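**Student:** Residue strings, one per chain:
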Amino acid sequence: MTDRIEMKLQFRRATGEQQEVRAWVVDGEPRAGERRAGEFLAARWVELDDDAKTRLRQHSAVPGEHQAAGYLRLDNEILAGRRLHDAASGFGGYPAEVACLYGDDADSASPYALVEPYRGTPLRQAARQLLPDEFEEFAASLLTGLCWLAAAGIASRAINPDTVLWDGRRRVVQITDFSQSVPFGAMRTPVRGSSQWVPGESRPGKCVGLAGPADDVWAAGRLIYFAFTQGKDLANREQLAGGNTGLDSMFRGLLSPVFSAPEGRPTASDLLSRGLRRVFTGPPAADRSTALTESRQRFLDLRERLRGELPPLEVYDDISWADESDVQAIVDSHAGGHGHSGGSHGGSGAQVPFRPVSSPGDGYPVADGAVPPGPAGPPGRLDAAEGSGWFRRRRGE
Amino acid sequence: MPEIHQISYWSSNGSQGDIHQVETSILDQREIDLWKVRLDPWLRAGRPPGRGYLRFGPDVAFLRWYAGAATPTDWEYALADVGRAAELTAGRALQLPDLDLAMLPQARWKVPLDRMELGPAADSLQARARSAAAVSQMALLLAHVLSGRQRVTMPWPGPSLPEAVMWGLVTILEVIGDARRVSFLTRTSVVPDLDDGLLVAFSDRIVEPPPPGPMFERLAVDLAARFAVSPAELRQAVAAHPVHKPADHPGGQLGWLLDLPPRTGAGATISGGSPTVTASNDWSAPEEPGWPDGTSHPSTATWPETGQDRAQAGETDTTDQVTCPTCLTEIGYWVGQDRLRWQPAKNAFERIIIPANATRTERARLLQRAYVRCPGSDNEGESDHYLPTNYGDYGPPVVLGFVGLTKSGKSHLLAAMVAEMGELGEYLIDTDPLDPATHHRFLDEFVNPLKLHNQVLPGTPEDTSTRFVDAFIVSHDGGPKRVVVLMDVAGGDLVQDGPGRHFLWMASGLFFVIDPDQIAASRSGDASFTNVLNTLQSRPDPMPVSAAIVLTKADRVRFAEPAARWLRSESHSLDPVEFLRESADVYGYLYENRAVKLADPCRVCDKATLHVASPTGAGDEGGRYPRGVRPRRVLGPLVAMLAMTGVLTGRDAESVGV
Chain A
517 MTDRIEMKLQ FRRATGEQQE VRAWVVDGEP RAGERRAGEF LAARWVELDD DAKTRLRQHS
577 AVPGEHQAAG YLRLDNEILA GRRLHDAASG FGGYPAEVAC LYGDDADSAS PYALVEPYRG
637 TPLRQAARQL LPDEFEEFAA SLLTGLCWLA AAGIASRAIN PDTVLWDGRR RVVQITDFSQ
697 SVPFGAMRTP VRGSSQWVPG ESRPGKCVGL AGPADDVWAA GRLIYFAFTQ GKDLANREQL
757 AGGNTGLDSM FRGLLSPVFS APEGRPTASD LLSRGLRRVF TGPPAADRST ALTESRQRFL
817 DLRERLRGEL PPLEVYDDIS WADESDVQAI VDSHAGGHGH SGGSHGGSGA QVPFRPVSSP
877 GDGYPVADGA VPPGPAGPPG RLDAAEGSGW FRRRRGE
Chain B
2 MPEIHQISYW SSNGSQGDIH QVETSILDQR EIDLWKVRLD PWLRAGRPPG RGYLRFGPDV
62 AFLRWYAGAA TPTDWEYALA DVGRAAELTA GRALQLPDLD LAMLPQARWK VPLDRMELGP
122 AADSLQARAR SAAAVSQMAL LLAHVLSGRQ RVTMPWPGPS LPEAVMWGLV TILEVIGDAR
182 RVSFLTRTSV VPDLDDGLLV AFSDRIVEPP PPGPMFERLA VDLAARFAVS PAELRQAVAA
242 HPVHKPADHP GGQLGWLLDL PPRTGAGATI SGGSPTVTAS NDWSAPEEPG WPDGTSHPST
302 ATWPETGQDR AQAGETDTTD QVTCPTCLTE IGYWVGQDRL RWQPAKNAFE RIIIPANATR
362 TERARLLQRA YVRCPGSDNE GESDHYLPTN YGDYGPPVVL GFVGLTKSGK SHLLAAMVAE
422 MGELGEYLID TDPLDPATHH RFLDEFVNPL KLHNQVLPGT PEDTSTRFVD AFIVSHDGGP
482 KRVVVLMDVA GGDLVQDGPG RHFLWMASGL FFVIDPDQIA ASRSGDASFT NVLNTLQSRP
542 DPMPVSAAIV LTKADRVRFA EPAARWLRSE SHSLDPVEFL RESADVYGYL YENRAVKLAD
602 PCRVCDKATL HVASPTGAGD EGGRYPRGVR PRRVLGPLVA MLAMTGVLTG RDAESVGV
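Chains as they are written, first to last, in the working numbering: chain A, 517 to 913; chain B, 2 to 659.
Simulated from the structure, these hints should not be mistaken for laboratory data. Fair warning: there could be bad hints in the mix.
Stretch by stretch, here's where chain A covers chain B in the computed footprint (C-beta under 8 Å, at least three residues) [what the hints assert, rightly or not]:
1) 377-389
2) 579-590
3) 612-625
The structure presented is a predicted model; accordingly, all values stated were derived computationally and were not measured. C-beta atoms are modelled at their ideal positions from N, C-alpha and C, and glycine is treated no differently.
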């Protein structure tokens, strides 16, 4: 520690109350992972002048060309942090598996987030020292963290060996960096980064659909393999089922579907409870969008009254982030139920013509789980499991 | 039984003296008094040997003035025929037999009430009306009338001729189906006010009416010439036209008259060898029309290229009538209106003259930044206002307005929308400013201070004037072009009744702007919304209106649903599913905040969507946006509105809105 710059911080605690406190900027030798705060964000240490001399990470937008993008990333961190606190309240304290927002000043000219110190070592370094008997704890803890994110209705979209830390002493994972996170139901936006860790539906140029709990599972599956092999990247699906690993059987056959299209993926809760036979004791996965379900339904009722020709709404009684096809059906029914016939999908889906589909052209596995040949690569290659075409109507159909 | 009554008046000192009733056939004293009050200013305005035909709603009065020995230039006696307009038409009144002046004093001015038949004067009137002198006057007068002017004052040409001209005029208007109420004074020195309808006056004073648009002149010359040759043939040609549409509005619906079948012979000879009229129906023809007196009228020697020319080239869908969004004046025969250009050195507009032999390129160059002066500028309480020359070139313009309380964020939303319009290309939407000068002014005054200098915009001045903010020529995916006009009104003006709200009577779409900070105070409704919706429900015409309800300044609630979700959702496709989802979410937000009353436009308007938008991306401090201005989702409401109002085409566009 070399310098201490005094300042006054006014911020909103993650639990809701306002706080004003004297603090110092603390400069020190960063440990691996401590400096990192996400793209376009910078981190520094501050120490609050309170009884506990609380030490926190202060994240703020990097000045310059990308400062506006930094503000948006900071908002993402704050939203995720606040929601995680909301989800954890009443469930025995804040979970260790996800980074903890201490407070934020979201609306000032120089916004920032205060984050409790991360715990653990990035898996990129820790994987090499991960002991075999620690692996299942790692996997269970990672999936528990994802369950917490799902409870908060947040997709991290940044699950990778640099953002997921492993605390070998406590034998617990910590998921950090929510700067690219989005709430469930938001449209997916492109995530830059290695295709090793970004699922096809979120890659630039292929981004499609709405964010949901399946978004993080794809990268988590790869991270589980990465940890299991002490730092190797998954190259193809056979590596999961092969005798060398037996990972798929460890998860009772649920790991392979992780690498399918989002709607075919198991959730983190599925992997934890049905795969590893562990119990997640936190709140159930929150579809935050359904908080408005009832009032949304009133809107659809109003719409039906205004447009009396619509079909009964009980067919479409759950308009949530995962049911875009139902909404599409409503739109189609208003428009006459033709035109978007979805005939190329081979079904009779005139009412719900854009149901998620898996077709060879999509590059996603067909029902039996086999990866079909596709333009993106040879059979069996995970890269072939990229593409688009579900949940969304493609222009010209 | 329908009746026409008569009243005779006497004045001790002509128009300046006390006017006394002498005799009448009316028995009801209240009716007698009513007519005395009604006619007083007109009796004083008229001069012998003039005639006055005055419409008072369904009632009408036909006045005749007679000079006395002591007042050779002013009148001593006046006679009024009064009744219902259906019974006493202008044409019939003009053909009534004149009185036997010698007999009247002997009869103590008890007029022969039974003489309502058409007399010998009818034939002479009709013949005079087809004379060269009358046709010349008639064509000029008709040009003014067709241009939509409601008050036309012509110089008095001498006895008898004004009556003949008026008879010809009312005949032509009746033939083409112009149902305006026509009043006239065939000799006067002053012109009193008349509540409605067309008023033509022939004045003793030197008057030089402004020139009508050259296209009106050409059309008027053609009609007058047809009338001169044969009123019956004119009537047959009009009746036989396949798209015969009555012009029941001032100057309106005239386009079909442009392609009446050609007259027999290129030039019709009038009254046995009098001057030849060579009006043409071919508006792009370089030949100049002759004038009935054989001369070339100065104002027809040149004429501007108009949307009509471009329409003939297949470039536009020129409408023949547009409604001024500022004052609601219906401007008839748009293509023929004078084109004007602002001359800074003269601090005035100047009429654009284009040589007849100008090439299309030259015409286009000369018409750049041209305007049309709205005739409604002459109305009481209105100031001069102008519309861009191409305003009516792309079919009926789509007028969009912003509704919300003061400081609700209307101006910021509007400025941010215009700032982001370049992104509309992602939706396959092309936009071009309708009037570059207006557009650049809006950029300079609003968009650039906000977007480039991060300044908080001042509120819209509450000066009871609607602001024609900007307008664009919009097309979708190579489809037809439409003009989209953006209007801004101060929130305070929306709450009050006033001219600032005129555009509501013709708006195609309205953005209802909700400030999340004002929701708590608006749970029982928003005064501006309520007033506007009341107006919409009072509109007499079944023109549809769409609503986009916008939860603006959504950055202030960006950590709560639905702003948290939608502000992070950037989409550039025209997706009715997305609009429906967003609408349901915002409706849910209003419901959860007990402010569902703010969604009333959904019930009143024909189509509606609800949106989340943040014009600035973050809050302000000290009059500035310290983090910079980054609009988010401001194009969504605009795209939805363009879809709902039919500017965007295709099945997806048709499916937008509830």
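**Student:** Each hint: holds or not?
**Tutor:** Evaluated hints:
Figure legend: the region 377-389 of chain B, annotated as covered by chain A; annotation inconsistent (0 residues with Cβ-Cβ distances under 8 Å, at least 3 required). A count of 9 residues in the region 579-590 of chain B with a Cβ less than 8 Å from any Cβ of chain A is obtained; the coverage claim is therefore met, three being the minimum. By the rule of at least three residues with a Cβ nearer than 8 Å to a Cβ of chain A, the coverage given for the region 612-625 of chain B holds, with 4 such residues.
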